[in-house]
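Asks: Please put together the full structure from these sequences, using the hints given.
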Amino acid sequence: MTEYKEWIGIVAIACALLAGVAFGGSYIGTLVVWIAIAAVMASSLRFVLLIGELNFASAAFFGIGAYCTGYIVNHADLPFVLTLALSGGLALVVSIVFGGITLKVKGPYFLLIGFAFTEALRIFYTRMEALGGNSGLVGIFPPAWLDAHYQYFTTVLCFLLILGLLGIERSHLGKIFIAIRDNENVVRSVGNRVFFTKVVCFAIASTVAGLAGSLHAFANNVISPLDFGFMLSIFALAYLKVGGEDSPLGPVMGAALLVCVASYAQSLGGNEHILYGLAIVLSVLFMPKGLAGLADLLRRKKESVA
Amino acid sequence: MQEVFQLLFTALQISAVYILFSLGLTLIFGVLKVVNFAHGQLFTFGALVLSLTMGALAPSLGHGWAAYLVAGLAGLAACLAVGLVIYQFGFKRLERDMTGSFILSAGLVLLFEGLMLEVFGGAVRPVPALLEGNVQMLGLMVSRQRLVLLVFAVLLTAAILTLLRYTRFGKALRAVAIDYEAAMLQGIAYRRIALYGFLMACALAATAGMLIAPVAAVTPTLGDAYLVKGFIAVVVGGMGSIVGAVAGSLLIALLESFVGFYFDPSIANLAIFVIVMVVLLVKPKGFFGND
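Here the protein sequences line up with chains X and V, keeping their order.
Sequential numbering from 3 applies to the first sequence in the working numbering.
Sequential numbering from 26 applies to the second sequence in the working numbering.
Just so you know, these hints were derived from the structure itself, not from any lab.
Just so it is clear, CB atoms sit at the ideal spot from N, CA and C, and this is done for glycine as well.
It cannot be assumed that every hint is accurate.
[Claimed, not checked] Simulated crosslink set (PhoX-like; lysine-lysine; CA at most 20 angstroms straight-line): (1) X/K106 <-> V/K310; (2) X/K108 <-> V/K310; (3) V/K308 <-> X/K108.
[Claimed, not checked] With beta-carbon atoms standing in for the labels, derived distance ranges: (4) X/S265 <-> V/Q170: 39 to 47 angstroms; (5) V/Y221 <-> X/G135: 42 to 50 angstroms; (6) V/M26 <-> X/N187: 51 to 59 angstroms.
Replies: Here it is as structure tokens:
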């Protein structure tokens, strides 16, 4: 029963956001796209957490997707759908190579390598003249036929990706992921290929991050190396932590809440970093299961009273 | 040949700061099994407090040794106070929870960086040089300022290594790093050692920041570049290993000065990353890692 509650919750939030695009102004529409993309990033981070690893390289794959899109739009005239697919594909290929090397190490080593990879790529972008160097790439617009509906398209696609990740998590493969997190030696002893499965998990999450990056590039029209530093991974972590990492609903709720609050705070002249930092610190210390955990706790209390 | 010596000296001088920085990281990892991202912020905070106090003291004490000493103590005290608060209210509650405490430290990075930008502003706060001029040494031109920095860092590193190697406290700390449960069975007060280890690391970060302050542009984001390098040094050397931190820092500094000189600084950064990947392929736990 609880399995379906999360599906329903995610779809409900998606519908609410779509309604926001339909009835809100252009500002609300932009905000909805940010929320959808942030939710995908947080879900991708959570997906790798299923095998027990914190994937700090997710910002790097987001950047790869965005830059691939930017490059194709500026240098080759390919159809929109193909551009999107190629961006996801590039993230997939890079993530298989990167994961194939780094997933041999675990815990803090994996995390720090992801962190270093993100920074190395950021430096790489600033060095590449073809990628616009320090100033980045401009003029990344969605095609004319989609322009008017781009906000709907992005929101729907983002939520399909999130539901897809949830589907994999609930499948047989997803159960192996969680078993690896709990005890990988047991998984190996019953004949599963642990390393291979880890790379698969990492590659799926990274492809999704790459697609999100591509959508971000089209939505933002402009990308620069500074958008894809390790701070992006920390932001995704903030959404995940505030929402709660145990439930697939968590990253979506966290993204919706934090993006709205940050946008409101910025309009009042507040500092985004302080807000996100405070949100992470407070949720780690006082709300370790996040919003989703809090909702669960309230429900259980109600049930025990009744 | 002259060129090579000059580069070697530069590498030595950069590595001095990296060593102080990564020693702190590896100490924290050793005693708490925590990857502390906020280490770079303490480094920056030390430098900022130093520059602020120096500015305030300038009318009465000038820019001499006395002002530097007082400001240095102020920076150290401020960082220790912040470290104590972070430990007591944060890391202590998440003892040995790697992911949780890492996320906490990532949150602290954002929080501190935002707060420091608000309080100190984004402008560069110059710290006056303590010594002017250059000295001729072994046929090399070396600025006095950097020479003092190097000597101080080397002495401090030696002191820390001696402390860890020969004193009762150092032995207890290493025992905790190897196996904290076995250490507790031997009657070592784990919590106290963990607190002291954490504070020592904070003091190291502050000292490193204050040493680099006169030769660097002191801004609220000063620590970020050192954070990446420091972590890479620790990963290459093996997390929790003291020797590893020193060796890793030397390797990074050598790459940075040689590749940076013969090619260009951003190629050096990429080269450092490639080296890490290669090292991890060959030795997944780093050169001196054992956990």
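Asks: Against this structure, judge whether each hint is valid.
Replies: Each hint tested on the structure:
The straight-line distance between the Cα atoms of X/K106 and V/K310 is roughly 10 angstroms, inside the 20 angstroms bound, and the hint therefore holds. Proposed proximity of X/K108 and V/K310 is supported: the alpha carbons are some 9 angstroms apart, at most 20 angstroms. Of the pairs offered as hints, the one joining V/K308 and X/K108 holds, with about 13 angstroms between alpha carbons and a cut-off of 20 angstroms not exceeded. Checking the proposed 39 to 47 angstroms range against X/S265 and V/Q170 shows it holds: the Cβ atoms sit about 46 angstroms from each other.
V/Y221 and X/G135 have their C-beta atoms about 47 angstroms apart, which keeps the hinted 42 to 50 angstroms range intact. V/M26 and X/N187 have their C-beta atoms about 55 angstroms apart, which keeps the hinted 51 to 59 angstroms range intact.
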